[in-house]
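Here the protein sequences line up with chains U and G, keeping their order. Each residue of the first sequence is one higher than the one before, counting from 7 in the numbering used here. Each residue of the second sequence is one higher than the one before, counting from 18 in the numbering used here.
Honestly, I wouldn't trust all of these hints.
[To be verified] Pulled a few chain U residues facing chain G out of the computed Cβ check, cut under 7 Å:
| hint | residue |
| --- | --- |
| 1 | S134 |
| 2 | E137 |
| 3 | G269 |
| 4 | R273 |
| 5 | P278 |
Because the hints were derived from the structure by calculation, they are not lab data. Virtual Cβ for every residue (Gly too), placed ideally from N, Cα, C.
Residues per chain are reported as follows:
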Amino acid sequence: MKLALIFPDTRARLGAYLLLAAAVLAPAASAAEPFPAVIEHRYGATTVPAKPQRIVSLSYIGHDFLLALGETPYALRKWFGNHPHGVWPWAQAALGDATPIVLQGQIDIERIAALEPDLITGQWSGMSEREYALLSQIAPTIPPKAAHGSYGSPWQAMLRTLGTATGNAAKADRIITRIEGRFAAIRAAHPEWQGASAVMVSATRTGAYSATDIRGQFLAALGFKVPEVSDPFTPANSYYALVPEEDLSPIDTDVLIWIDAGGSVQRLKRLPLRHTLRASREGREIYAGRLLSSALSHSSPLSLDAALDQLVPLLEAALDGDPATPVSSMAKAGLLPEGK
Amino acid sequence: MSISAVAISPARPAASLRGLRLAGALLGLVLLSAAALRFGFRPAGWETVWTALTAYDPNDAAHIVIREMRLPRLAGAVLAGAALGISGALIQGMTRNPLADPGLLGINGGAALGVVICILGFGITDPAAFVWVALGGALAASVLVFLLGGGSRANPLRLVLAGAALSALILALTRALLLVSSQTLDVFRFWVLGGFDGIQTATLYALLPFLSLGAGLAAVAASGLNALQLGEDTARGLGVRTGLARTTAGIAIVLLCGATVAMAGPIAFAGLIVPHLARWAAGPDMGWTLAFSAVFGPLLLIAADLAGRLPLFGGNMQAGVMTALIGGPVLIWMVRRNGVRSL
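Start from the sequences, fold in the hints, and give me the full structure.
Written out as structure tokens, the structure is:
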């Protein structure tokens, strides 16, 4: 059927063409329209009505993710370290001259209300259901997804969620593709790492980070197998388990990465059974000092690159099959046995 | 009172019976020490214990566990147990308060504040580095408590009140600092439970002079405290210089507890329960009470440390947690059997 037959008048015909075009294009346009955005999570679902302008980030690491997306949080929650505005060096460039308000300690509902946010993000914040209920009355609030637990959100999921909530979904996908590509390239270049066992262990308390922890996920992304170490006293804490100092066999892996956010080199030196570990005898230990261990502990789109830059050469030295090759970070910390 | 209750808590046991009891307790200490070297998270036989002590192989994991880990822990538990037992008996005798324990004089609180400042201000997280700040904090806080409590003329009530008030103040300050930093909290929460893992032989040697001096002063103070148990006026009438006795006991308490908290963190409960067990076994004499406390304290702490290392508790439970788990039921049993002596 020809439109010209129904609408003989040219102007009316033109109008009909426009209407038809609008009808065809409309569904596509509303799919690309990012708001309102709906985000499912452990306590239900949250609707973000419009692009947020004042974001309060309660996640200990979440500000890195927002900065990676080009969003500067209005306020952020400092984790540790003495850096300006609680932002570590890898995120300084993205922060630029911005001066976000720094929150510290427990979640302070009153203080957050006074900030008048229009979005509160809280994956990796330990926010309880009660806190969520209160925060939701202040602004749309985003806790982690049910599957990930309080501190287990994989960086991809976390970035994707924040991308959706801030209208940066496409940008989030681009970042994920790039970083996953980098991991894939490293995996391809190191076939000997695939299936080898590896674990990150806190030097402060000899506690192993499990496969569900973001540090465990990082190792898995490089192809390593992370051993399951369970803590009989806090089974609910699936991220971290203390290893009995009388028996370190649970962490006797092909490569052992000591995580030290500061001040535990002396403790490592004295740890009596360390020298009986295969990894120690064969030069397959890695010492991750303050910056590297913090980059791993953040596992954010900004810190992952910094972590890979530093850790990959150390892994190569540790796993080159020659016990004589010194791992530079171990030598620098003075942790190599005498004569090496 | 039933006959059996009388039998277990005689008012004045025969001297020979008392000596026999002390010998028995010492034998128990030797046996428990041997068990502490043998049992733990990692199984070992008697033969391994013996060769680890006599023909040490630094590459044998089992030898390392016994010689480098269990032996220093055992020594730490013996010293800390004796120190806490003696100082607990002194402070209960001095204040004539059966609920008094070393934590009351601000010693633990002062040490804790020192450790928090050390972590927060200087980023030091190595427990071995806490020794001197903990000792400094303990000494400073306890001197303050003694001054607030009236110095050498301190009356027991004023002393206890000053200690409670200052402890509360220091605790509030410590908590305020902890709220600022989650990292500090993580290291601190293990230190504050108290325990002997990772204890250094060098630390033990460094603190030995403080402990010896404290034990010596405790022995000197014993006769004065004995007289004080009869009441202030009677003691004066007997020619005892009560102020001097109290000051000597006070210095002994501070040295013993300060060194203990520096070595192993604030171990709760041991200083409270051990003197009760000791008085039950020793009778009213302060000298004998101190002697028994010096043996029962190690017994409790070795048992607590050993239990915490058993796979049953994950091989990692702090001795400071286990003292109350083990000591609590013992105290309840004593109370039920009328074994607790009033002061």
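Hints versus structure:
A distance limit of 7 Å between C-beta atoms decides the matter here; for U:S134 the minimum to chain G is near 16 Å, and the interface restraint is violated. Annotation: interface hint on U:E137 violated; nearest CB of chain G at approximately 16 Å, more than 7 Å. At a threshold of 7 Å, the smallest CB-CB gap from U:G269 to chain G is about 4 Å, leaving the interface hint in force. Hint on U:R273 holds. Least Cβ distance to chain G is approximately 5 Å, under the 7 Å limit.
Hint on U:P278 holds. Least Cβ distance to chain G is approximately 4 Å, under the 7 Å limit.
When each numbered hint is compared with the structure, violations occur for hints 1, 2.
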